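Trainee: If you want the building blocks of each chain, they are given just below.
There are 2 protein chains.
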Amino acid sequence: MSRILYDLAGADPARRFSPFCWRTRMALAHKGLEVETVPWRFTEKDRIAFSGQGLVPVLVDDGRVVSDSWAIALWLEETYPDRPSLFEGAGGMGMARFINSWTDAVLHPGVSRLIILDILACLGPEDTAYFRASREQRFGMSLEQWCADREARVQTFRKDLQPLRITLRAQPWLGGQAPNYADYIVFGAFQWARSVSPFRLLEADDPVAAWRARMLDLHSGLARSTLGHEV
Amino acid sequence: MSRILYDLAGADPARRFSPFCWRTRMALAHKGLEVETVPWRFTEKDRIAFSGQGLVPVLVDDGRVVSDSWAIALWLEETYPDRPSLFEGAGGMGMARFINSWTDAVLHPGVSRLIILDILACLGPEDTAYFRASREQRFGMSLEQWCADREARVQTFRKDLQPLRITLRAQPWLGGQAPNYADYIVFGAFQWARSVSPFRLLEADDPVAAWRARMLDLHSGLARSTLGHEV
Chain B
1 MSRILYDLAG
11 ADPARRFSPF
21 CWRTRMALAH
31 KGLEVETVPW
41 RFTEKDRIAF
51 SGQGLVPVLV
61 DDGRVVSDSW
71 AIALWLEETY
81 PDRPSLFEGA
91 GGMGMARFIN
101 SWTDAVLHPG
111 VSRLIILDIL
121 ACLGPEDTAY
131 FRASREQRFG
141 MSLEQWCADR
151 EARVQTFRKD
161 LQPLRITLRA
171 QPWLGGQAPN
181 YADYIVFGAF
191 QWARSVSPFR
201 LLEADDPVAA
211 WRARMLDLHS
221 GLARSTLGHE
231 V
Chain S
1 MSRILYDLAG
11 ADPARRFSPF
21 CWRTRMALAH
31 KGLEVETVPW
41 RFTEKDRIAF
51 SGQGLVPVLV
61 DDGRVVSDSW
71 AIALWLEETY
81 PDRPSLFEGA
91 GGMGMARFIN
101 SWTDAVLHPG
111 VSRLIILDIL
121 ACLGPEDTAY
131 FRASREQRFG
141 MSLEQWCADR
151 EARVQTFRKD
161 LQPLRITLRA
171 QPWLGGQAPN
181 YADYIVFGAF
191 QWARSVSPFR
201 LLEADDPVAA
211 WRARMLDLHS
221 GLARSTLGHE
231 V
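Those protein sequences? They're chains B and S, same order as listed. All residue numbers for the first sequence refer to the numbering used here, where the first residue is 1 and numbers rise by one. All residue numbers for the second sequence refer to the numbering used here, where the first residue is 1 and numbers rise by one.
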C-alpha cells in the first residue's frame, strides 16, 4: 500500500507553497496518515494527466486517485472513519463549506495581492512564464499592478480578517476546542504566504497571529519545519 | 412550565425586526419548542433588567433566564439534547462561531447601510430618538450619511455575499443537506431587512435569494407569516 500526494513546488523542490495542497497535507496529518509528497510544478500537467485534470493536490491512495482539496477531505473522512474526524459531524461538514468559500473568495485574493511577486521569484524559468501569463490573464492586469502598494493594502487585508479575529478571541481553534478541517482551510492561505514571502501579513498582537503560531506547531511542527520565512 | 422570549418590536407590536431575535426564534422552532414572544422596545430596558443586561433576545424558560443569541443557542443545545440538533456535532458548534462572526462583522453592517432609515420609520417617538442617537454615535455620522446612495452601495453588498453564494451553489443549506443554526444566523440578517424595508437586497436569480425563499418557508412559514415586505 502506498500513498502519494502531488504537491506544488518551486524551483527548489523543498519549497511547497500551494494553499490547497497544505489543506490536504494538514488533513492527512490530522488523520495520522503517512504520505509521500512528490514535488510537482505548474507546467508538469502531463505528470498528473492520469487524474483527468491539471491541478494539484492529487492524492493517489493505494491506487485510488482523488483530486481537488475539498473532494480529498470528504474522501478521507469517508474512507478513514475510525481516524480523528476532519469535520466532527454533519454540521461541521456543511459549515466547513462556507469557511472554504470565504477563504477562496476573500482570504486568497487578499493574500495574493500581497505575495504574488514573491511567488514569481521562487519559480523556475518555465513556470515563471506560465504563472505570469495565466495570472495576468485572470486578474486583467500586470502582476506588478496587482501587487502595487502592498504596505497600504495590508491594512485592508487585516480588516478583512475580522471574522477570524472575533472567532479566535472566543475559542482557540476555528473548529472549536480542537483544530479540524476548518483550521486547515484557512491556515493554507497563511502557509502559502509564509512559504514564499517575508512580507508581514499580521501584527504581532493579532489573535490570528497567535492561532497561526499554534497551527505551525501542530502535528509535530509539520508546517513550521517546511521551507519558508519566519512569521 | 412557560417559555417566553422578549422580542424586539416596532411601534406596531407585530413588527419583529431584530436579526438576533430571529436567530433565536428559528432555533426554538428547529427544536420544536413552543414560545410566547413578548414585544419589547429599545427603550424598555427596565422590563428586561431582571436579565442583568439591556438587550434582546432574552429567553425565560421555566424560570431560567438566558440572554444573547449565541448563549441561547448553546443553552438550547445543551438543555434539549434529544430535540433536533442546532449544530450537528462539535465541529458545527465550532464553525458556527465563524459564521456568527462573519455575519456580525460583514453582513450586518452591509444590511444596516441599506435599511437603517427604514427601521427609523417603523419606531414610536421615544424609540426613534433613542435609535438615532445611539446609532449615530456608533457610526460616527448621521443616519442619512450612513445610508447615502444605497443604490450604488447594494452592488458592493452583493459582492460581499460571494462566500454565501459559492456555498449555496454547492449545497442547499449553510448547514449542509439540512438547515441548522448556521442558516438561522445568516437568515436573521435578511429577515431583519424584510421586516422593515421594501428595498431589494438581492437579484432574483441569486442563489442566495432562492435559499432565503426556502428559509422563509421553514417551520410552517414562521418567518414568511410575520409582518414584513415582499422580497
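Each hint should be verified, as a subset may be incorrect.
As the list claims (entries may be wrong) - 25 Å max Cα-Cα, derived SDA-like pairs, lysine to any residue:
no. : chain 1 : residue 1 : chain 2 : residue 2
1   : B       : K159      : S       : L143
2   : B       : K31       : B       : L114
3   : S       : K159      : B       : D160
4   : S       : K159      : B       : P109
5   : S       : K159      : S       : Q171
6   : S       : K31       : S       : A11
7   : B       : K159      : S       : L216
8   : B       : K159      : S       : K31
9   : S       : K159      : B       : P172
10  : B       : K159      : S       : Q145
11  : S       : K159      : B       : T43
12  : S       : K31       : S       : D160
13  : B       : K159      : S       : M1
14  : S       : K159      : B       : M141
15  : S       : K159      : B       : I4
16  : S       : K31       : S       : L216
17  : S       : K31       : S       : D46
18  : S       : K31       : S       : Q177
19  : S       : K159      : B       : K31
20  : S       : K159      : B       : R150
21  : B       : K159      : S       : A90
22  : S       : K159      : B       : P84
23  : B       : K31       : B       : R214
24  : B       : K31       : S       : D104
25  : S       : K159      : B       : L114
26  : S       : K31       : S       : V65
27  : B       : K159      : S       : D104
28  : B       : K159      : S       : R153
29  : B       : K159      : B       : F199
30  : B       : K31       : B       : T43
31  : B       : K159      : B       : P84
Since the hints were derived computationally from the structure, they do not count as laboratory data. Nothing here was measured: the structure is a model prediction, and the numbers come from that model.
Trainee: Give a verdict on every hint.
Mentor: Hint by hint, here is what the structure shows:
Pair hint K159 of chain B plus L143 of chain S holds up; C-alpha atoms about 23 Å apart against a cutoff of 25 Å. For the hint pairing K31 of chain B with L114 of chain B, the CA-to-CA distance comes to about 32 Å; that exceeds 25 Å, so the pair is violated. With a CA separation close to 14 Å, the supplied pair K159 of chain S and D160 of chain B stays within the 25 Å bound. At most 25 Å may separate the alpha-carbon atoms for a hinted pair to count; K159 of chain S and P109 of chain B meet this at roughly 14 Å.
About 19 Å separates the Cα atoms of K159 of chain S and Q171 of chain S, which keeps this hinted pair within 25 Å; it holds. Our distance criterion of 25 Å between C-alpha atoms is broken by K31 of chain S and A11 of chain S, whose separation comes to about 30 Å. A threshold of 25 Å between alpha carbons decides the hint, and for K159 of chain B with L216 of chain S the separation of about 32 Å lies outside it, so the pair is violated. The straight-line distance between the Cα atoms of K159 of chain B and K31 of chain S is roughly 36 Å, outside the 25 Å bound, and the hint therefore fails.
In summary, the hint linking K159 of chain S to P172 of chain B is not supported, as the alpha carbons are separated by about 30 Å, beyond the 25 Å threshold. Taking the CA atoms of K159 of chain B and Q145 of chain S, the gap is near 22 Å; set against the 25 Å cutoff, the hint holds. Proposed proximity of K159 of chain S and T43 of chain B is contradicted: the alpha carbons are some 33 Å apart, above 25 Å. Proximity of K31 of chain S to D160 of chain S is assessed by CA-CA distance (about 31 Å); at most 25 Å being required, the pair is judged violated.
As the CA atoms of K159 of chain B and M1 of chain S are separated by approximately 46 Å, the hinted pair breaks the 25 Å bound. A hinted pair counts as satisfied when its Cα atoms are at most 25 Å apart, and K159 of chain S with M141 of chain B qualifies at roughly 20 Å. Proposed proximity of K159 of chain S and I4 of chain B is contradicted: the alpha carbons are some 38 Å apart, above 25 Å. Proximity of K31 of chain S to L216 of chain S is assessed by CA-CA distance (about 17 Å); at most 25 Å being required, the pair is judged to hold.
At most 25 Å may separate the alpha-carbon atoms for a hinted pair to count; K31 of chain S and D46 of chain S exceed this at roughly 30 Å. A C-alpha spacing of about 17 Å is found between K31 of chain S and Q177 of chain S, which places the hinted pair at or below 25 Å, so the restraint holds. For the suggested pair K159 of chain S and K31 of chain B, the alpha carbons sit about 36 Å apart, so the restraint of at most 25 Å is broken. Simply put, K159 of chain S and R150 of chain B have alpha-carbon atoms about 22 Å apart, close enough for the 25 Å limit, and the pair holds.
At roughly 28 Å between alpha-carbon atoms, K159 of chain B and A90 of chain S are farther apart than 25 Å, so this suggested pair is violated. Taken as a hint, the K159 of chain S and P84 of chain B pair is broken in the structure, with Cα atoms around 36 Å apart against an allowance of 25 Å. Between K31 of chain B and R214 of chain B, the direct Cα distance comes to roughly 18 Å. Compliance with the 25 Å bound is thereby established for this hinted pair. At roughly 33 Å between alpha-carbon atoms, K31 of chain B and D104 of chain S are farther apart than 25 Å, so this suggested pair is violated.
A distance of roughly 21 Å separates the Cα atoms of K159 of chain S and L114 of chain B; the hinted pair therefore holds under the 25 Å criterion. Of the supplied pair hints, the one linking K31 of chain S and V65 of chain S holds, its CA atoms being roughly 18 Å apart against a limit of 25 Å. A C-alpha spacing of about 14 Å is found between K159 of chain B and D104 of chain S, which places the hinted pair at or below 25 Å, so the restraint holds. A hinted pair counts as satisfied when its Cα atoms are at most 25 Å apart, and K159 of chain B with R153 of chain S qualifies at roughly 19 Å.
Taken as a hint, the K159 of chain B and F199 of chain B pair is honoured in the structure, with Cα atoms around 17 Å apart against an allowance of 25 Å. Between K31 of chain B and T43 of chain B the alpha-carbon distance is near 31 Å, which puts this suggested pair outside the 25 Å criterion. With a C-alpha separation of about 33 Å, the suggested pair K159 of chain B and P84 of chain B falls outside the 25 Å cut-off, and the hint is violated.
Violated hints, listed in ascending order, are 2, 6, 7, 8, 9, 11, 12, 13, 15, 17, 19, 21, 22, 24, 30, 31; each of the other numbered hints is respected by the structure.
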